[in-house]
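So the sequence shown is residues 1 to 969, counted in full-length UniProt numbering.
Since the hints were derived computationally from the structure, they do not count as laboratory data. Hints may be right or wrong, so weigh each one.
[Claimed, not checked] Derived pair list, reagent style BS3-like, types lysine-lysine, alpha-carbon separation capped at 25 Å:
1) 336 x 285
2) 655 x 551
3) 501 x 432
4) 418 x 538
5) 538 x 470
6) 276 x 336
7) 256 x 423
8) 815 x 858
9) 311 x 336
10) 432 x 597
11) 36 x 131
12) 655 x 48
13) 815 x 829
14) 759 x 87
15) 398 x 655
16) 629 x 597
[Said to hold, decoys possible] So the derived label-pair ranges between C-beta atoms look like this:
17) 818 x 97: 25 to 33 Å
18) 578 x 279: 53 to 61 Å
19) 681 x 654: 14 to 22 Å
20) 99 x 547: 26 to 34 Å
21) 473 x 414: 38 to 46 Å
22) 727 x 97: 52 to 60 Å
Note that beta-carbon positions come from the ideal geometry of N, C-alpha and C, so glycine has one too.
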Amino acid sequence: MQTDITRENPQAVAPQTDDSSQNLAATAPGQLRVIKRNGTVVPYTDDKITVAITKAFLAVEGGTAAASSRIHDTVARLTEQVTATFKRRMPSGGTIHIEEIQDQVELALMRAGEQKVARDYVIYREAQASKRKSANAGSEIAQPHPSIRITAADGSLQPLDMGRLQTIIREACEGLAEVDGSLIERETLKNLYDGVAEKDVNTALVMTARTLVEREPNYSYVTARLLMDNIRAEALTFLNIAASATHHEMAELYAKALPAYVEAGAQFELLDPKLKEYDLEKLGKALNHERDQQFTYLGLQTLYDRYFIHKDGIRFELPQVFFMRVAMGLAIEEPKNREDRAIEFYNLLSSFDYMASTPTLFNAGTLRPQLSSCYLTTVPDDLSGIYGAIHDNAMLSKFAGGLGNDWTPVRALGSYIKGTNGKSQGVVPFLKVVNDTAVAVNQGGKRKGAVCAYLETWHMDIEEFLELRKNTGDDRRRTHDMNTANWIPDLFMKRVFEDGKWTLFSPSEVPDLHDLTGKAFEERYEYYEALIEYGKIKLYKTIQAKDLWRKMLSMLFETGHPWLTFKDPCNLRSPQQHVGVVHSSNLCTEITLNTNKDEIAVCNLGSVNLVNHIVDGKLDIEKLGRTVKTAVRMLDNVIDINYYSVDQARNSNFKHRPVGLGLMGFQDALYLQHIAYGSDAAIEFADRSMEAISYYAIQASCDLADERGSYSTFEGSLWSKGILPLDSQQILIEARGQKYIDVDLSESLDWAPIRERVKKGIRNSNIMAIAPTATISNIIGVSQSIEPTYQNLYVKSNLSGEFTVINPYLVRDLKNRGLWDSVMVNDLKYYDGSVQQIERIPQDLKDLYATAFEVETKWIVDAASRRQKWIDQAQSLNLYIAGASGKKLDVTYRMAWYRGLKTTYYLRALAATSTEKSTINTGKLNAVSAGGDEGFSAKAQAPAQQAAPAPAPVPKACAIDEPDCEACQ
């Protein structure tokens, strides 16, 4: 049962095309499409809805009603409502079954109070269904199923193998509750005809099963297993092992597939020839075919489309072989027991207990193993240095690295240039070049380059920097394709609180401010302010701090940029402050590493899956410890194996050896414990789970130091002094002052032995960072990173197509209470995945399944604050605000700073536009307090969220501008 999946794999050339792929291209993503009952797909038009509703009214009110303007207006309104429902659910287009459209027509009629018309419409539908059933029964007698012939690849006609079809369906349904294999068989056969292409049989199976996902989440697993049949056939045929295979047959065939795959990959120069040196027989026996059964449809389709290695468009990498390839690539430099280490790594990945970042999954074991996720650079203040940094951006972006650039050293607009006796044009013109370079140099053929530029808040160009993403103004001074972030010192925030003045300087006149932090920065900044009175500073501007703060929030509200990140917490709590300064974060604001003109910071990421560590409703600490120990070893190996396109990156990475272990599935872990995101219990779980990860990660790095030695700049670090991330909070409190910070200092584990142990040595300068996990969380089927659930039912659109995503935990709880039925499905669709307005759902479930915009922002910030005390780097933190206003943004971002957060990421607000899906782009924010501390108090709580009339489009991934951001994870 083969199918030709014609979606493009961004790793290399597109698969070969045929008529079916051309048909798919004709109905490409971006528009609504309809699956008719015969299986054909046609463009969505609302004309037929209008006709159907009109006929329903005429059937009730008689033919004379055709001339009624009331009927016309009512029909037009109802048609618009039905169409709007699908556009809300599928903002980027998607595929709808004809029955879904008719369901929505029924709902629209009932909610409009047209009960009699709705009833007649239901009766009409039932009558038509009965007629179709009778017609199908007659056709079955005329042509029994076994007489359906399929057209093989060579053009020959062969009888449809019903036994095999039924075996595939039966295997796909094994072990899954409330799925109906016979239903899949019946519906699939309706879409088959005599002479159907062999590949289209499997397509029909997959398409049939995927339409049932919204009815029962387990159909997502069924669909994935049906897709696996095609994947097996494609790979095994290419490797000359078998023409096809069932799931159970793979118990033996996987062991044969691995050596054949490695041989083929090396022959085609796609894999590192060193993989052939492994004991492939031993590794092949370790492959567990049962783990193919744990994929959701979205996860497996994503792997197939974008991760599996292929030749001329033919994927010859199977899921378990894929995980073993990554494991072998990461164990390739292990000096002893290399096969055992590879198996250990394989088991961690294939069990979904932990997942490496996308660059590692793409490239481990290949000829060019670029495994790192992100790079951070500082741009010097000279022309050759500036263009050298842009060249470095291009080279790093070429091999799929996400970039964070620190532009603060570059002199401001109007600054004197000694070499030419002229004046500088400032930072902005160079950022335009960076923007265009990012567009020109795409990431390994997968997506355009991803860059974030950082600028400190005292820089003279900061006001123009804030406007870089505006859609109005001089386009030569706009960067529409690049992210921007504001690197804010604590002194600025204090001036905002105190309603003080703020002075902007050019770094050419105050060059040391860039490298100063905390009290040293404050003293020097105030010294330069004093020099202004003596005429010693020529280029400056004095403004009200609160006016600049208001503009920062206004631009964030309007354009989504620049993000707000905080310089002093990143530096004062940095373990590496003895050898440098953190001048910026990265593309996704979770990495905080030192940079300078000679060092490009590099970070290697991976994430623990919290869901797999919840056992019997609580966190399994012992299992978590084992997972983290192996994960840290894998991350440390990346540093030695990695391909570096720039020498400064290699030197930095080998000198400090930073890694970034994060987590994902936080929201799902809460569901498993029946804890609402907006609760004290959730904050406590965020605290305790991150404490455990931190504890075992530091311990694992110490173990590696015993085995391999400490990193070279260990002496003088906070680690060498026995100062842990928890302890570094005290440094921040002392520097900032108790008046401006409120952080929790509690601990539940015995940290005394760890404090003593780190003094003796640790392998990695930095160990933890929470990345967005946009794509890898899809692969393993869990919630992204630390994000709350966006919607409980929606259609996810990405580079692999459209996928119905339904919250399986909600379905489970509704079933347990006898509330799961077709009406509930339709209600969830009508209310865009929210349960709050569905009256028959009890309040405890409404609290538990509140979506991101229904959770007060204070809970997100407080949970992040608890995590931050355990993390030596930062976390990629999106903030969700319903009914955003100046007052809400003011309170929220002051709270983020006050609670000790190091960085924030995207602001997501309801009623977002397609221009910038994370923000509202209309209006100005003028509600920021104009004096005193009225906008925030020390113990302020975020105001209760307000219901909004229209939802934002579903965020497609961590980076708003792209369907899937793979720069981090």
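Structure-based check of each hint:
no.	hint	result
1	336 x 285	holds, 20 Å
2	655 x 551	violated, 40 Å
3	501 x 432	violated, 30 Å
4	418 x 538	holds, 15 Å
5	538 x 470	violated, 30 Å
6	276 x 336	holds, 17 Å
7	256 x 423	violated, 69 Å
8	815 x 858	violated, 32 Å
9	311 x 336	violated, 33 Å
10	432 x 597	holds, 21 Å
11	36 x 131	holds, 16 Å
12	655 x 48	violated, 66 Å
13	815 x 829	holds, 18 Å
14	759 x 87	violated, 58 Å
15	398 x 655	holds, 24 Å
16	629 x 597	violated, 34 Å
17	818 x 97: 25 to 33 Å	holds, 26 Å
18	578 x 279: 53 to 61 Å	violated, 45 Å
19	681 x 654: 14 to 22 Å	violated, 43 Å
20	99 x 547: 26 to 34 Å	violated, 57 Å
21	473 x 414: 38 to 46 Å	violated, 19 Å
22	727 x 97: 52 to 60 Å	holds, 58 Å
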